[in-house]
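Read top to bottom, the protein sequences are chains A and B.
Under the working numbering, residue 398 is the last one in the first sequence; the count climbs by one each step, no gaps.
Under the working numbering, residue 1296 is the last one in the second sequence; the count climbs by one each step, no gaps.
Be a bit skeptical, because a hint or two may be false.
In silico negatives: residues of chain B with every beta carbon more than 10 Å from chain A [claimed, not checked]:
1. Ser1022
2. Pro1057
3. Leu1088
4. Ile1097
5. Leu1127
Beta-carbon label-pair distances, calculated as ranges [what the hints assert, rightly or not]:
6. A:Pro107 - B:Ser1082: 52 to 60 Å
7. B:Leu1279 - A:Ser163: 39 to 47 Å
8. A:Thr218 - B:Lys1121: 43 to 51 Å
9. B:Leu1046 - A:Asp129: 41 to 49 Å
Note that these hints are calculated values from the structure, not bench results.
We put the CB at the ideal spot given by N, CA and C, even for glycine.
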Amino acid sequence: MADIVLDHVTKRYPDGRLAVDDASLSIADGEFVILVGPSGCGKSTTLNMIAGLEDITSGELRIDGKVVNNLAPKDRDIAMVFQSYALYPHMSVRRNMGFALALAKRPKEEIDRKVEEAARVLDLTDHLDRKPAQLSGGQRQRVAMGRAIVRSPKAFLMDEPLSNLDAKLRVQMRTEVSRLQNRLGTTTVYVTHDQTEAMTLGDRVAVLRSGRIQQVGTPTELYGRPATIFVAGFIGSPSMNFVPATVEEGELRTPFGAIIPDDRQRRLLDGWDSGAAGRRSLIVGARPEHFEDAALEPMKERSGLRFSVTVDVLERLGSDSYAYFTLAGGRTRIADLEELAHDAGTVDLTSGAEQVVARLDAASRIREGEKAELWLDTHQLHLFDPDTGRNLDAPTTS
Amino acid sequence: MATIASVPAAGTAAPARGRRPSGERTALLGWSAANLVIIGVSLVPLLWLVSLSFKTPASITDGSFIPKKWTLENYRGIFGESLFTRALLNSLGIALISTVLAVVLGSMAAYAIARLTFPGKGLLVGLALLIAMFPQISLVSPMFNLWRQIGIFDTWIGLIIPYLTFSLPLAIYTLSAFFREIPWDLEKAAQVDGATPLQAFLRVIAPLAAPGMVTTAILVFIFCWNDFLFAISLTSTERSRTVPAAIAFFTGASQFAQPIGSIAAAAVVITIPIIIFVLLFQRRIVAGLTSGAVKG
Chain A
1 MADIVLDHVT KRYPDGRLAV DDASLSIADG EFVILVGPSG CGKSTTLNMI
51 AGLEDITSGE LRIDGKVVNN LAPKDRDIAM VFQSYALYPH MSVRRNMGFA
101 LALAKRPKEE IDRKVEEAAR VLDLTDHLDR KPAQLSGGQR QRVAMGRAIV
151 RSPKAFLMDE PLSNLDAKLR VQMRTEVSRL QNRLGTTTVY VTHDQTEAMT
201 LGDRVAVLRS GRIQQVGTPT ELYGRPATIF VAGFIGSPSM NFVPATVEEG
251 ELRTPFGAII PDDRQRRLLD GWDSGAAGRR SLIVGARPEH FEDAALEPMK
301 ERSGLRFSVT VDVLERLGSD SYAYFTLAGG RTRIADLEEL AHDAGTVDLT
351 SGAEQVVARL DAASRIREGE KAELWLDTHQ LHLFDPDTGR NLDAPTTS
Chain B
1001 MATIASVPAA GTAAPARGRR PSGERTALLG WSAANLVIIG VSLVPLLWLV
1051 SLSFKTPASI TDGSFIPKKW TLENYRGIFG ESLFTRALLN SLGIALISTV
1101 LAVVLGSMAA YAIARLTFPG KGLLVGLALL IAMFPQISLV SPMFNLWRQI
1151 GIFDTWIGLI IPYLTFSLPL AIYTLSAFFR EIPWDLEKAA QVDGATPLQA
1201 FLRVIAPLAA PGMVTTAILV FIFCWNDFLF AISLTSTERS RTVPAAIAFF
1251 TGASQFAQPI GSIAAAAVVI TIPIIIFVLL FQRRIVAGLT SGAVKG
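Let the sequences and hints guide you as you build the complete structure.
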């Protein structure tokens, strides 16, 4: 077990493409850190650099306080779980799991003992003498995990280990991974493009975008105080709604209606205005759960913005409902968000007016195609600078 | 493969799915007929050769397909002569050494070509192909002179070198295709598991590429075993003369007798190792060993 420190690590490919740009991240001993981001954001490259499978162009990588930039993977004492599992097809499960120990020339009894122990933990005892081809997807995934844990390495690196499993198994294995990491207490770096996995598994999450680390924090921090519009849009499902807004006469004018800023928001706006004089327009972000059906009893007295819309689509999930509606006032064209939409394949779906999703209580009696009055908790709004994409509430770091 | 696969389809699945069974049956018949014709055309000369090898010298030219009088005299004759037995030994030795060297060197080169990007890679592959295309006959005279100058004329090594030259491009091509099929993740996994590049190659990559290596070995072996041009040009004595060359030196019992029976017997004998080789390894060639490596 060890800590891992990335100190201004950069990866530039020979063709000049920048895969990872000046990434600094320090992972404490025993911590479970997630690297998350859309495809091509450099998260796998970062992991490969920690593993030693890719060279570091500049910067320093330290494992356990020792600079390992030029160490071969075999000298770093880390284990890796691959997305494809990369099981050796010609070896039995037993030999697959014991391969690293066999290479290290450990005595046979020790290898057998450790392999059997790991097999017991992962419920693979019955399959030890099978070949990977005879196993199901979930079993192969567990063998891949087993291969990592038998070695008791300094750290686990996991490269989207669950993305090849079907949805149900993935959720099951997610808790399994979490339990295993708690039990072993081994430093773990986990790469995923799935924000749900990131939020549920990690002690801390680092959101990457085009090779840069956007924000590092606990899941709660990322959700509650996203530093940039990209993080805000990436974390959370359904994702945050963004609408354009202007500041006029001390009011925040949004397509939902005019909002009188509260103290926190006023302080932020004042601070921001002094920075970029003359700019009066910004982007307002609202999480779906900060809307509610205004007709519901508990909403009657609460302060907040009330506005009426026509609900286009209503999805009833039982526990709550999602109401989709569009707002006049144009679409917020934000490069950061378009990248996300590209990644999700929804880039052509939303066009013209802005679509907003609100999560309502299941008791709501709003119906599709009808006018409804919604309530918005204005204290929870996030304010973003449209040029830099930064949250006005984010601590200014250079 | 095509016939085997289509038999159950025509019998069970096709009528159930309501496809045109009659069309499939016609296609099946057509394919079977075509296959039979091809098998016949390729087997008749071979059977003729076998038949000749069992005929007595007097009945060689009687034109009957099945010998009227069977004799093992031809076989006894060739094994009684050191011209043939020594040549058989030479053939085996030279072909085996060339095959092993070609597979070992070819694997390394093919692995590098499949995995690494290095300057001049395209040129190297192109050159290898060029060598394979080169007319061998144009090299024979210069080699003959050169080999005599440097003293490897009429030696095993004198034949192994040209065999390697012409079989390596083939080996590199076949093997790099196999190496490309092996997921790169396996090698990364081996590295992370603590393997040196050599260990990763020997313990993970090579066993998976075994079908490819066997295929290559068979092809190279057949090439070396069958070669006549270099064997006749670069040898002069029993010291290194291989069977195809030695057959040309067969003489009949008397000055005027044709050695056809002996030639046929020798030809049958040297065909046997090839058949054994292919039969032994054909399952291995076909078997896809990489199944189960990655999800799929």
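Here is how each hint holds up against the structure:
Listed as outside the interface, B:Ser1022 is consistent with that label: its C-beta sits roughly 39 Å from the nearest C-beta of chain A, beyond the 10 Å cut-off. Every CB of chain A is more than 10 Å from the CB of B:Pro1057 (nearest about 54 Å), matching its label as outside the interface. Annotated as non-interface, B:Leu1088 keeps its C-beta farther than 10 Å from every C-beta of chain A; the closest such distance is 36 Å. Annotated as non-interface, B:Ile1097 keeps its C-beta farther than 10 Å from every C-beta of chain A; the closest such distance is 28 Å.
Every CB of chain A lies more than 10 Å from the CB of B:Leu1127, the least distance being 24 Å, so the non-interface label holds. At roughly 56 Å, the beta carbons of A:Pro107 and B:Ser1082 sit within the given window of 52 to 60 Å. At about 44 Å, the beta-carbon gap between B:Leu1279 and A:Ser163 stays in the expected band of 39 to 47 Å. Judged by the Cβ atoms, the range 43 to 51 Å given for A:Thr218 and B:Lys1121 holds: they are separated by roughly 48 Å.
Between B:Leu1046 and A:Asp129 the C-beta distance comes to about 45 Å, which sits within the given range of 41 to 49 Å.
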